[in-house]
Amino acid sequence: MPIQNYSELSSLKGELELKKHLSEVSQIKYWASVHLVFCKIKEDDYPYLAMIRRVKNEKDPWSGHYAFPGGGVEPGEGLKEASYRETYEEVGLEIPADSYLGEFYQIQVRMGGKSSPLAISAHASFISEGDGGNEQLPDLTPCPIEVDDAFWFPLKGLLREESIMEREFRLSHQNKTLPCINYEGHIIWGLSYMILREFLLQWENASGPISQPLIQEHLPHYPYGLNSKKDKA
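Just so you know, we're using my numbering here: the sequence shown kicks off at 1239 and counts up by one.
Keep in mind the hints are simulated off the structure, nothing from the lab.
No residue lacks a Cβ here, since even glycine has one placed at the ideal position from N, Cα and C.
Nothing false has been slipped in among the hints.
Now the in silico label distances, taken between C-beta atoms and shown as ranges:
#, residue 1, residue 2, range
1, M1349, E1281, 38 to 46 Å
2, K1414, E1332, 37 to 45 Å
3, R1408, Y1326, 26 to 34 Å
4, E1332, L1409, 33 to 41 Å
Let the sequences and hints guide you as you build the complete structure.
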């Protein structure tokens, strides 16, 4: 299990590094913020991750995709504040201020193989009461306009060997074989896959020396218009 040697998520507070994958900064006109919310419950020795399935909308390029709670940053609003507001609006979850781990990733969205005016800021929080965690997972109440369903996925299940695979996706008017996570039929790929992988890499690195870079080997790098073949994500 790739996360078995990791330190507690709470130890990441103030330790996350803000990685930037902004290929053409001058083109960025809009920002969206997403929030990775992890929660620990007493009966399990691993955290859960909150995710949503977006409603199907032919005008939405991510229609029906699995994603993290989040959305557009309003004028005068900070990236962090937007991630809190959008999480509450989309799933009804109020994130305790003291659970915030930090902002860890900024990525410029690509459309049709080119950089777009939209960039995404990714934040993380870990909700845990006391040493053992919460008695139960907080309720998630999907906003029906934007969210088809909301889930607490066990991180242990997402990262089991049989959940990691490659499959064909339709992207930029062509079929591409790409890495993804398939947890009981829930397919996590694209930007959500990249953002989760970046968080897990930082968690792994913060946990101190281990025998091998498990996440880097376990979760394949996602090709997303990097300038070189080096794994920067």
